[in-house]
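Each residue of the sequence shown is one higher than the last, beginning at 0 in numbering that gives the first Met the number 0.
These are computed hints drawn from the structure, not numbers from a lab. Using N, Cα and C, we set each Cβ at its ideal position, and we do this for glycine too. Check each hint, because a few of them may be wrong.
Unchecked claim - Distance windows between CB atoms, simulated:
(1) N14 / S194: 34 to 40 Å
(2) S73 / S94: 42 to 48 Å
(3) E123 / G271: 23 to 29 Å
(4) L195 / Q138: 51 to 57 Å
(5) H91 / P20: 37 to 43 Å
(6) Q272 / I54: 36 to 42 Å
(7) R260 / Q90: 39 to 45 Å
(8) L195 / R260: 17 to 23 Å
What the hints assert, rightly or not - Here are the simulated lysine-lysine pairs, BS3-like style, with alpha carbons at most 27 Å apart:
(9) K68 / K177
(10) K263 / K48
(11) K275 / K263
(12) K275 / K235
(13) K235 / K48
(14) K68 / K235
(15) K23 / K72
(16) K72 / K106
(17) K235 / K263
(18) K177 / K72
(19) K106 / K48
(20) K263 / K68
(21) K72 / K48
(22) K106 / K68
(23) K48 / K68
(24) K177 / K23
(25) K130 / K48
(26) K23 / K68
(27) K68 / K130
(28) K263 / K23
(29) K106 / K23
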Amino acid sequence: MNFNIHFNTSQIQYNHRRLSPPPKMDFHLHERFEVYFFIAGDVNFMIEKKVYPMISGDLIVINNRELHKSTFKSDAPYENIVIHFDPEIVQHFESLFQYGLLDCFTKREPGEHNKIHLHPQQLEEITALYKRIDTLLIQPAEETHLLLTTHFIELLVLLNRSFRDNTAPSESTALSEKLAPVLDYIDHHLEQDLSLEMLERQVYMNRYYLSRLFRQSTGSTIHSYILMKRISRAKKLLHDGHNVTEACQMSGFNDYSNFIRMFKRFVGMPPGQYRKQYGFTN
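The task is simple: from the sequences and hints, build the whole structure.
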């Protein structure tokens, strides 16, 4: 049976859902940070160039610069709990208590150490915490919002404690040995022509085979991947203070109108508005 327990404010969103069959997903980004708790399903989680095989009780943390998607290996019922939150709401608590609540999101390389290994006792603590949150949402009271905030901060403390205790690399695999040089080339040449014809010449791989291999490995098209990598680059450039024209050119969008349209489609606002809202020039 499908269900969805949810909570949504301007700064934090909580969703506990069970779906059958699982939804179709493509590569995407969020402006918020994400905590993903896997409960059931037949899933691999892709982040940047890494693939994390998921088992019940696994936790994934994702920042707002990491391209990611879930791939479903079968139609098995899918259950997870996802929290999206604005990192600014946490920074106050970091300053107040002098504790790095965002370290597990920010103090690592993109696509590295996303999966947090939980010992049995840690898993028990976090599972109990999620159950308390579910109960609060099913049976709300006057103090629900305050208690939800308290439980959320407690969750971040537990995540960062586990993150600091486990320095070994998370269990993951590369997307594909054959795709590795292709992904590296894309990462380092986003501002250049990345058509299938150009990639064929640069990585010495037949364009049709490359397109088929990428779809088989990821469930998405290579065009979709390149587009989202360019959107990610543009967001960073705008955040760092570049103007819209510079962000367009430096992220590989040769057509200004297409850049505006694609950015608004995937980010939810035009690049000029994004720069005003999130750029360092504020």
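Consistency of the hints with the structure:
no. : hint                    : verdict
1   : N14 / S194: 34 to 40 Å  : holds (37 Å)
2   : S73 / S94: 42 to 48 Å   : holds (46 Å)
3   : E123 / G271: 23 to 29 Å : violated (48 Å)
4   : L195 / Q138: 51 to 57 Å : holds (54 Å)
5   : H91 / P20: 37 to 43 Å   : holds (41 Å)
6   : Q272 / I54: 36 to 42 Å  : holds (41 Å)
7   : R260 / Q90: 39 to 45 Å  : violated (33 Å)
8   : L195 / R260: 17 to 23 Å : holds (22 Å)
9   : K68 / K177              : holds (20 Å)
10  : K263 / K48              : holds (25 Å)
11  : K275 / K263             : holds (14 Å)
12  : K275 / K235             : holds (13 Å)
13  : K235 / K48              : holds (19 Å)
14  : K68 / K235              : holds (20 Å)
15  : K23 / K72               : holds (11 Å)
16  : K72 / K106              : violated (31 Å)
17  : K235 / K263             : holds (15 Å)
18  : K177 / K72              : holds (21 Å)
19  : K106 / K48              : holds (18 Å)
20  : K263 / K68              : holds (20 Å)
21  : K72 / K48               : holds (18 Å)
22  : K106 / K68              : holds (21 Å)
23  : K48 / K68               : holds (11 Å)
24  : K177 / K23              : holds (25 Å)
25  : K130 / K48              : violated (33 Å)
26  : K23 / K68               : holds (10 Å)
27  : K68 / K130              : holds (26 Å)
28  : K263 / K23              : holds (22 Å)
29  : K106 / K23              : violated (31 Å)
The structure fails hints 3, 7, 16, 25 and 29 (numbered hints given earlier, in ascending order).
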